[in-house]
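**Student:** Residue-level listing of the chains:
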Amino acid sequence: GPKVLQIPSHQIIDMGQMVTLNCDPVSNHLYFYWYKQILGQQMEFLVNFYNGKVMEKSKLFKDQFSVERPDGSYFTLKIQPTALEDSAVYFCASSLGTGNTLYFGEGSRLIVV
Amino acid sequence: AQKVTQTQTSISVVEKTTVTMDCVYETRDSSYFLFWYKQTASGEIVFLIRQDSYKKENATVGHYSLNFQKPKSSIGLIITATQIEDSAVYFCAMSPPLSGSFNKLTFGAGTRLAVCP
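Order-wise, the sequence lines are chains A and B.
Under our numbering, the first residue of the first sequence is numbered 1461, with each subsequent residue one higher.
Under our numbering, the first residue of the second sequence is numbered 199, with each subsequent residue one higher.
Keep in mind that the hints were calculated from the coordinates and are not lab data.
Beta carbons are placed, not taken as given, at the ideal position from N, Cα and C, and that holds for glycine.
Hints are not guaranteed to be accurate.
Ranges between beta-carbon positions, derived for each pair [stated by the list, open to error]: (1) A:Thr1480 <-> B:Gly241: 35 to 45 Å; (2) B:Pro315 <-> A:Gln1540: 44 to 54 Å; (3) B:Ala239 <-> A:Ser1533: 44 to 54 Å; (4) B:Ala312 <-> A:Ile1467: 26 to 36 Å; (5) A:Leu1556 <-> B:Tyr252: 18 to 28 Å; (6) A:Gln1540 <-> B:Ile282: 40 to 50 Å.
With the hints as constraints, model all of the structure from the sequences given.
**Tutor:** The structure is reproduced here in structure tokens:
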């Protein structure tokens, strides 16, 4: 099926530092998403993004979080500063439109120490 | 708000048999979309099958099929002729109608399937 690529696959970072997670969505997709999965639990919605704007965000999307997709390049999730509770696997997803299936990347495992 | 519930924490079956995984959901929307994904041991999330709520016919893709019972708000996943490689965690998910949230998926807690030889 369609592939979403995520870089890095995993990263260890000191608390308080900044981290950027990168996502290369499916080429013709227009909607982009980030989900957070804490070990052993279900994925939870963070944010969705369309036409250069955040359309909707959850309570998990703290003020320290930001997303952007400059000039059609990577769709990024930036956390600044990081906190211990940000340790999780972050999944990027994309879809062609609303009502279309979301396709997920393989996740970026973030460990904040 | 939408809610998805998977009550089966784990299931173990012998390969080549059929397994059914349960999922019930809550929503105030009259139309919505339902999905099943699986998460492999490596962590990869793979889309399996979907059901649009306005369609009465149960979706089928390969050896995956759905048992959609709208009056019961239920969307069961049926896997026939299971294989060892079907061992994974299966997540049920739903999203609002086109006029609602932009494809915001709500996931269930997942069911771990172990297929044994």
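**Student:** If any of the earlier hints don't hold here, list their numbers in rising order.
**Tutor:** 1 and 3
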